[in-house]
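J.: Let the sequences and hints guide you as you build the complete structure.
Chains as they are written, first to last, in this note's numbering: chain A, 106 to 268; chain B, 106 to 268; chain C, 106 to 268; chain D, 106 to 268; chain E, 106 to 268; chain F, 106 to 268; chain G, 106 to 268; chain H, 106 to 268.
Just so you know, these hints were derived from the structure itself, not from any lab.
Note that the structure is predicted; figures quoted are calculated from it, not measured.
Any given hint could be a false lead.
To be verified - With a straight-line cut-off of 20 Å between C-alpha atoms, the simulated EDC-like cross-links for lysine to aspartate or glutamate are:
(1) K153(B) to E260(D)
(2) K150(E) to E131(B)
(3) K242(C) to E260(D)
As the list claims (entries may be wrong) - Here are some, though not all, of the chain A residues that point toward chain E, as calculated from beta-carbon distances under 10 Å:
(4) G115
(5) S116
(6) A144
(7) E149
(8) A181
(9) K196
(10) L200
(11) A202
(12) M209
(13) P210
(14) A213
(15) K250
(16) Q253
(17) L263
Positions of the beta carbon are idealized from the N, C-alpha and C atoms, including for glycine.
8 protein chains.
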Amino acid sequence: MNPKVMIILGSASDIKIAQKSIDIFETLHIPYSLKVASAHRTHEKVKKLVVEATTNGIEVFMGIAGLAAHLPGSIAAYTHKPVIGVPVDVKLGGLDALFASSQMPFPAPVATVGIDRGDNGAILAGQIIGVNDPEVKKRVSKLRKSYQEKVKSDEEKLISQLD
Amino acid sequence: MNPKVMIILGSASDIKIAQKSIDIFETLHIPYSLKVASAHRTHEKVKKLVVEATTNGIEVFMGIAGLAAHLPGSIAAYTHKPVIGVPVDVKLGGLDALFASSQMPFPAPVATVGIDRGDNGAILAGQIIGVNDPEVKKRVSKLRKSYQEKVKSDEEKLISQLD
Amino acid sequence: MNPKVMIILGSASDIKIAQKSIDIFETLHIPYSLKVASAHRTHEKVKKLVVEATTNGIEVFMGIAGLAAHLPGSIAAYTHKPVIGVPVDVKLGGLDALFASSQMPFPAPVATVGIDRGDNGAILAGQIIGVNDPEVKKRVSKLRKSYQEKVKSDEEKLISQLD
Amino acid sequence: MNPKVMIILGSASDIKIAQKSIDIFETLHIPYSLKVASAHRTHEKVKKLVVEATTNGIEVFMGIAGLAAHLPGSIAAYTHKPVIGVPVDVKLGGLDALFASSQMPFPAPVATVGIDRGDNGAILAGQIIGVNDPEVKKRVSKLRKSYQEKVKSDEEKLISQLD
Amino acid sequence: MNPKVMIILGSASDIKIAQKSIDIFETLHIPYSLKVASAHRTHEKVKKLVVEATTNGIEVFMGIAGLAAHLPGSIAAYTHKPVIGVPVDVKLGGLDALFASSQMPFPAPVATVGIDRGDNGAILAGQIIGVNDPEVKKRVSKLRKSYQEKVKSDEEKLISQLD
Amino acid sequence: MNPKVMIILGSASDIKIAQKSIDIFETLHIPYSLKVASAHRTHEKVKKLVVEATTNGIEVFMGIAGLAAHLPGSIAAYTHKPVIGVPVDVKLGGLDALFASSQMPFPAPVATVGIDRGDNGAILAGQIIGVNDPEVKKRVSKLRKSYQEKVKSDEEKLISQLD
Amino acid sequence: MNPKVMIILGSASDIKIAQKSIDIFETLHIPYSLKVASAHRTHEKVKKLVVEATTNGIEVFMGIAGLAAHLPGSIAAYTHKPVIGVPVDVKLGGLDALFASSQMPFPAPVATVGIDRGDNGAILAGQIIGVNDPEVKKRVSKLRKSYQEKVKSDEEKLISQLD
Amino acid sequence: MNPKVMIILGSASDIKIAQKSIDIFETLHIPYSLKVASAHRTHEKVKKLVVEATTNGIEVFMGIAGLAAHLPGSIAAYTHKPVIGVPVDVKLGGLDALFASSQMPFPAPVATVGIDRGDNGAILAGQIIGVNDPEVKKRVSKLRKSYQEKVKSDEEKLISQLD
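T.: Here's what the structure looks like:
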């Protein structure tokens, strides 16, 4: 099956954050592709990946990067598809990466989620794909509902421990 | 035509930021609906708006709010559609609103754009809708390209002034 | 005895902070009830808990949450009782949660205490209940005075160690 | 009628913020007393005011101050009644005052509201008094509901302007 | 004379900051070229400008940009010449742009100067060129010395006014 | 010998920072007195200590505290002697304590040194006492010079290791 | 009369902040000397001023500077007398200057007061000189007491206006 | 071979950051000299080192320091050669050092790289030297290209692990 999401890591060291995304995509049965490319170190690769992917059915991009995290913004420069930014905490608690992802100028938005939140980035990708894919939409709803059950069972365990 | 985007303002005083979104939606021919509702003051209205809209064809929500900007997160609690957050600078340069919109827990992401960036929020909405609507996609591309021309003509004006 | 305070945790992982509150409530003989519910994941549960509790004699609510900590604000949307917010340090040193709890718009205040300060949140609850409950008031005074003794004995121990 | 709330300003220049509190107290028919005293400049006066007031029926204190805003914390040192802190933006966007009010050590909490939010401080005082005063409680509810109507009429005005 | 420095503005609205650079380059007799191009909006133009310039004798690049200021980093992706970043204060006091320029990953440094400091950016360019150009080096020294005189005469004026 | 400096700790847990001060005072032969007292928990003790000490020959006070570090400011409210503030990192990297110590209103300054810098606080106390005590002044100079030697020998060790 | 305090401005543009110091020194009858010199632009002058002044009876130095405010630290490098730092808000709300003044390494403390607080810097200088000069000490006490009266009369004016 | 870069450490404890620079200089065959000197503790040594080095063929200086990191700025006061600043994270995540290095006043720029980025500081030095030294320029290009390969092989390893 052709991937619908392309995840690009700014550095192989960000894999822990990407793994959270991958787990969600597996649960949602959304085919994805994982790449390592850097806005500053292998810029041409970013461009090539994004331009090709845009014409090959990728519906959403996700850039995961820390520091002066230009990667999601660089992706946004080459596609008109939605681009999700996941800021990674490498220095300054991730504040630098949060600003670099969210504070984009007009007209190149990056849909930024929380620091180190590869999981939320994947949910957002699922929601975007789900706008027109009722199967994915159903699975997103199911996943979110299962989480409500988890909150409930967490509470029960917690309270039984306190008694 | 049924609206595809619902813009909710946390306060009528945020209209200047919403106006930037509206201008983009007009350009992109995306029908929208504009509401004022507050996560804290008229919470039930938020819920009612979001639940009804979700079943009436709204594809993307946009929450525009300042301070402890819970509005986009509150919208996200009631829908599995993508929710865009536009943080507004009321205090602290908008840092409080940026955190409140982006730092959402799993599994309730808000797709956060830059502080006061109603324009980028609307572009992002257009990109999401464009995933399955080739007309909107074409208009997003056209708008972004026209902006490249603007950068070019800005440069020419600027340089002619400097000569 | 009916609980007078309802503690709601945004996540079971915040139990360490809640434990500090519980210890104080035990000391002050204030009956409390402990729940896990999330402003974004189980919003309806928050509402149900708060609305029922408001009519069942709860005098003070306490919301303990990290990140974009909307929980105390969500509680505040459903009750006119005082709501105490305890921001938890999950990311950014807890700055995001501090802002999300304190920077609430009019007219939905959250009485915010320090980052990770479940203990101070409970003292504040005791002070509020103590406004009309002379027994609780007496116990709050006693607890605060015992702490003064502790400061004194800490000093003696410290100085004897330095000699 | 004896005052139930004592508002202490750290400096006469903070009167604009206090005025927002006063307007709310008038609406809620809560008798209040207004003082100017400084944690650093007229500390003894703070002590005298607080100690006397505590024995004269004051139920809630409110300290309004900017910069290294020690005033609410100083009040808390002399009373076991609830103390509300309103941080004022004099420098650094009010961040210094927000920290000085909220980050109090155990066991001396200050119930901190948002930067420059004299209005929310007064609502919180009303909620605390309302725990045992059904008339005040009713007026707090009414005020909050009237605000919901205002949000509604703001929306109507706004949307009629946009048409 | 062939330009030795290429100044790229992220937006024509940053011209006030660039003007400070231009004034210094005129004083130092360093030929420069001024362009407007955006890391996100006209990325291909950035690439073309930088690649051509690198082979046409440009010795130093300067990127002037605000917000998620990716421009200097994007320049650094296409050249091995030194790249100077001048962060512009558009939002958050320029903190976002300062981080985006300075916090670059290995091996793509940007030589970042202070917020809105087009003047210091140009001095730095002069110092870099002066490493091998004794005329420019002499003029940098002269300019810095003349500034010392200015400090001296400022002091005299100031003190005579105070007398 | 009568103490010339009074060190007050906000909490016995700050002893590690105070130890750095004590080591310096031993080196400078400056007699000191060490107390534990809290601006919020044992305020009257702070007052008593400061008022008595002011009339008993104490020349400089030092307040060491974290969080909303009101201790140095509280000392300053009771004496016209110089008060040194040492902010301690308990939360937020010590930013809250740094603001609480430095951002004091007129006319109650606190001479603030760096976060966790008990050593620098003691040097500053030595410099103040040294204004009129030539022996202390000499010892401060000697200590600072011995540190220059240390930097020199550190360099030698370092470079010999690298060879 | 020989000056006892030397005020050094990093830039003539900081005169507004220095004027607050001068007004206090006039009130306290403390002779002062005012200079303009820059840690980076006229470093040798800083050194010369400080070294000469140290041997000519100056008891306290005051450095007033914004941005990367190295001036007070540079003064501290040349004298063992106490050095007061007054951070000036030029950018970032003065946070850069506050850090540059307070976060000094061992053993070169700067006694830092609040952002833009030339007045508090002068009071601190008066307190340091007053350690051994009973006349100055008396005037500092008087000035601080007169301020207490001012707070009192401010309160009366304020309350009479509200009636 | 005469050194072309002088690295000055503010403290021997910063050697870990300097080591990253040294490794790059070895790779680029750029001769360097390593010194320990402090802007505040051994200021005269800084001056002597810089003045002598400037006349002995040093082309670029690098100051590595934490806290109120005045070292790079102090170097800049004594030379018209380019000065690179590497802020070190000792407190506050390195924010104090980043500000102290970047926010320099006119006309004394410091070319600031990211927090703890000794490696990027060395690359920048290599780029500056490479402006007129084709051999160094070639080696910088080679090093950057080899890093692109590394990104590529990192990706391959990563993806093979995931399969």
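J.: Evaluate each hint against the coordinates.
T.: Cross-check of the supplied hints:
| no. | hint | result |
| --- | --- | --- |
| 1 | K153(B) to E260(D) | 16 Å, holds |
| 2 | K150(E) to E131(B) | 29 Å, violated |
| 3 | K242(C) to E260(D) | 45 Å, violated |
| 4 | G115 | 7 Å, holds |
| 5 | S116 | 7 Å, holds |
| 6 | A144 | 7 Å, holds |
| 7 | E149 | 9 Å, holds |
| 8 | A181 | 6 Å, holds |
| 9 | K196 | 7 Å, holds |
| 10 | L200 | 7 Å, holds |
| 11 | A202 | 8 Å, holds |
| 12 | M209 | 5 Å, holds |
| 13 | P210 | 5 Å, holds |
| 14 | A213 | 4 Å, holds |
| 15 | K250 | 35 Å, violated |
| 16 | Q253 | 35 Å, violated |
| 17 | L263 | 39 Å, violated |
The earlier numbered hints that this structure contradicts are 2, 3, 15, 16 and 17.
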